[in-house]
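Colleague: Sequence:
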Amino acid sequence: MGKKFKTHNQKITEASYKVSYRIALAGEVHVIGESLIKPCVQDIVSCVLGESYSKQVESVSLSNYTVKKRINNIADDNELELISRLQACKAYALQLDEPTDVAGLAILLVFVRYDFNEKIEEDLLLCESVDINTTGENIFNRIDNFITTHEINWGKCIEVCSDGAKAMTEKVSGVVARIKNVAKNCNSTHCILHRYALVTKRISATFKSVLDEAVKIINFIKSKPLQSRIFKAMCEDIGSLHTTLLLHTDVRWLSRGKMLERIFELRM
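Numbering (the UniProt record's numbering), first residue to last: 1 to 268.
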């Protein structure tokens, strides 16, 4: 009887973890587990298997606090597994990015590639908000603190990839330069996606004039809400597939290609 009860508890806990994991993957609010997912599962089980089975689902805890706790436990376990892999791997490479969220807060993202079981794996190593200054020293200190605290060998870092931001690429005080100081065998490359933005700086005069004209038109339309509404109404009148334009930015979102593609699709 005790063994059966223990097995049942294990199943209930496992179900709670699996649902919490899916909630985290979907980026949904934690309360959705208890407010929507559990009632839906109970309805399905009741209709397909019967009311008695539906009552068993009730014991699966999916409260806001429980889901948060489960997600944190999963994250902690994933971090420990990743750290152990990096400690044991032969070499690893880092990719750095410093985007901003919708509130304008700078976020430090560090991705890592490493060898594991004769395959190359890629994971998110670090995701932290940068509170005040996004200087090369500040960013490096955060990365270095994580690496040294978890006893990951800097000497195994053979490559670092970043965008063209000043804090990343300054010759002496940039993040890349500081990483090379502690990882002597480390090489650096420019982010392959950002290379497309660099190409536009050296294209022929004919293509550049087309690009510049497109940017001017888009920025003019997107600069004021009224102009955007007029443009949307015009697109709807002619039966266009799209009704909005994509705003151009230089590097952050690498939008030039998509911007020109949207203009081409809007042609009459």
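These aren't lab readings, by the way, just hints derived from the structure by calculation.
Note that the Cβ used here is the ideal one computed from N, Cα and C, for glycine as well.
Treat each hint with caution, since some may be false.
[Claimed, not checked] Simulated restraints, written as ranges between beta carbons of each label pair:
1) Asn9 x Lys184: 47 to 57 Å
2) Leu49 x Ile217: 57 to 67 Å
3) Pro225 x Lys184: 34 to 44 Å
4) Thr244 x Tyr65: 13 to 23 Å
5) Gly239 x Thr100: 35 to 45 Å
6) Asn185 x Gln227: 50 to 60 Å
7) Lys184 x Asp131: 26 to 36 Å
8) Ser204 x Asn73: 52 to 62 Å
9) Ile238 x Gly50: 29 to 39 Å
10) Ser63 x His242: 34 to 44 Å
11) Gln227 x Ile120: 39 to 49 Å
12) His242 x Glu51: 41 to 51 Å
[What the hints assert, rightly or not] The list that follows gives simulated cross-link-like pairs (lysine-lysine, BS3-like), each with its CA atoms no further than 30 Å apart:
13) Lys166 x Lys222
14) Lys208 x Lys222
15) Lys119 x Lys166
16) Lys166 x Lys156
17) Lys184 x Lys216
18) Lys68 x Lys38
19) Lys156 x Lys184
20) Lys55 x Lys68
21) Lys55 x Lys11
22) Lys11 x Lys69
23) Lys55 x Lys18
24) Lys232 x Lys222
25) Lys90 x Lys184
26) Lys90 x Lys68
27) Lys184 x Lys171
28) Lys18 x Lys68
29) Lys55 x Lys90
30) Lys156 x Lys119
31) Lys90 x Lys69
32) Lys184 x Lys222
33) Lys216 x Lys232
34) Lys166 x Lys232
35) Lys166 x Lys180
36) Lys180 x Lys119
37) Lys11 x Lys68
38) Lys90 x Lys38
39) Lys38 x Lys18
40) Lys224 x Lys208
Colleague: Taking the hints in turn, state whether each one holds.
Modeller: Hints, verified against the model:
Between Asn9 and Lys184 the beta carbons are some 52 Å apart, a value that agrees with the proposed interval 47 to 57 Å. The hinted window of 57 to 67 Å between Leu49 and Ile217 holds, with their beta carbons roughly 60 Å apart. Judged by the Cβ atoms, the range 34 to 44 Å given for Pro225 and Lys184 is violated: they are separated by roughly 54 Å. Between Thr244 and Tyr65 the beta carbons are some 41 Å apart, a value that contradicts the proposed interval 13 to 23 Å.
Under the hint 35 to 45 Å, the C-beta atoms of Gly239 and Thr100, about 37 Å apart, fit the expected range. Remark: the range hint 50 to 60 Å for Asn185 to Gln227 is upheld by a beta-carbon distance near 54 Å. A hinted range of 26 to 36 Å holds for the C-beta pair Lys184 and Asp131, which are about 31 Å apart. Roughly 56 Å separates the CB atoms of Ser204 and Asn73, a value that falls within the hinted 52 to 62 Å.
Distance hint check for Ile238 and Gly50: the Cβ-Cβ separation is about 56 Å, which falls outside the suggested range of 29 to 39 Å. Checked against the hint of 34 to 44 Å, the C-beta distance between Ser63 and His242 comes to roughly 43 Å, which is consistent with it. Separation of Gln227 from Ile120 is about 48 Å and conforms to the stated range, judged on CB atoms against 39 to 49 Å. The hint said 41 to 51 Å for the Cβ distance between His242 and Glu51, and at roughly 50 Å that hint holds.
Taking the CA atoms of Lys166 and Lys222, the gap is about 28 Å. The hint holds against a cut of 30 Å. Pair hint Lys208 plus Lys222 holds up; C-alpha atoms about 21 Å apart against a cutoff of 30 Å. For the hint linking Lys119 to Lys166, the alpha-carbon distance of about 34 Å lies beyond 30 Å, and the restraint is violated. Of the pairs offered as hints, the one joining Lys166 and Lys156 holds, with about 25 Å between alpha carbons and a cut-off of 30 Å not exceeded.
Taking the CA atoms of Lys184 and Lys216, the gap is about 45 Å. The hint is violated against a cut of 30 Å. Distance hint between Lys68 and Lys38 is fulfilled; the C-alpha atoms sit about 16 Å from each other, no more than 30 Å. Between the alpha carbons of Lys156 and Lys184 the distance comes to roughly 9 Å, so the proposed pair stays at or under 30 Å and holds. This hinted pair checks out: Lys55 and Lys68 have alpha carbons roughly 24 Å apart, not beyond 30 Å.
A C-alpha spacing of about 15 Å is found between Lys55 and Lys11, which places the hinted pair at or below 30 Å, so the restraint holds. Between the alpha carbons of Lys11 and Lys69 the distance comes to roughly 17 Å, so the proposed pair stays at or under 30 Å and holds. Proximity of Lys55 to Lys18 is assessed by CA-CA distance (about 19 Å); at most 30 Å being required, the pair is judged to hold. Annotation: proposed proximity of Lys232 to Lys222 holds, straight-line Cα distance about 11 Å (limit 30 Å).
With a C-alpha separation of about 15 Å, the suggested pair Lys90 and Lys184 falls inside the 30 Å cut-off, and the hint holds. Straight-line distance between C-alpha atoms of Lys90 and Lys68 comes to about 35 Å, which puts the hinted pair past the 30 Å bound. Using a Cα cut-off of 30 Å, the hinted pair Lys184 and Lys171 holds, with the two alpha carbons roughly 15 Å apart. Proximity of Lys18 to Lys68 is assessed by CA-CA distance (about 13 Å); at most 30 Å being required, the pair is judged to hold.
The suggested pairing of Lys55 with Lys90 is violated, with an alpha-carbon distance near 51 Å, which exceeds 30 Å. Distance check on the hinted pair: Lys156 and Lys119 sit about 17 Å apart at the alpha-carbon level, within 30 Å; holds. A distance of roughly 34 Å separates the Cα atoms of Lys90 and Lys69; the hinted pair therefore is violated under the 30 Å criterion. At roughly 47 Å between alpha-carbon atoms, Lys184 and Lys222 are farther apart than 30 Å, so this suggested pair is violated.
Distance check on the hinted pair: Lys216 and Lys232 sit about 18 Å apart at the alpha-carbon level, within 30 Å; holds. With a C-alpha separation of about 38 Å, the suggested pairing of Lys166 with Lys232 is violated against the 30 Å cut-off. Straight-line distance between C-alpha atoms of Lys166 and Lys180 comes to about 16 Å, which keeps the hinted pair within the 30 Å bound. At most 30 Å may separate the alpha-carbon atoms for a hinted pair to count; Lys180 and Lys119 meet this at roughly 25 Å.
Distance check on the hinted pair: Lys11 and Lys68 sit about 19 Å apart at the alpha-carbon level, within 30 Å; holds. Taking the CA atoms of Lys90 and Lys38, the gap is near 45 Å; set against the 30 Å cutoff, the hint is violated. Between the alpha carbons of Lys38 and Lys18 the distance comes to roughly 13 Å, so the proposed pair stays at or under 30 Å and holds. Taking the CA atoms of Lys224 and Lys208, the gap is near 25 Å; set against the 30 Å cutoff, the hint holds.
The structure does not agree with the numbered hints 3, 4, 9, 15, 17, 26, 29, 31, 32, 34, 38 stated previously, though it agrees with the rest.
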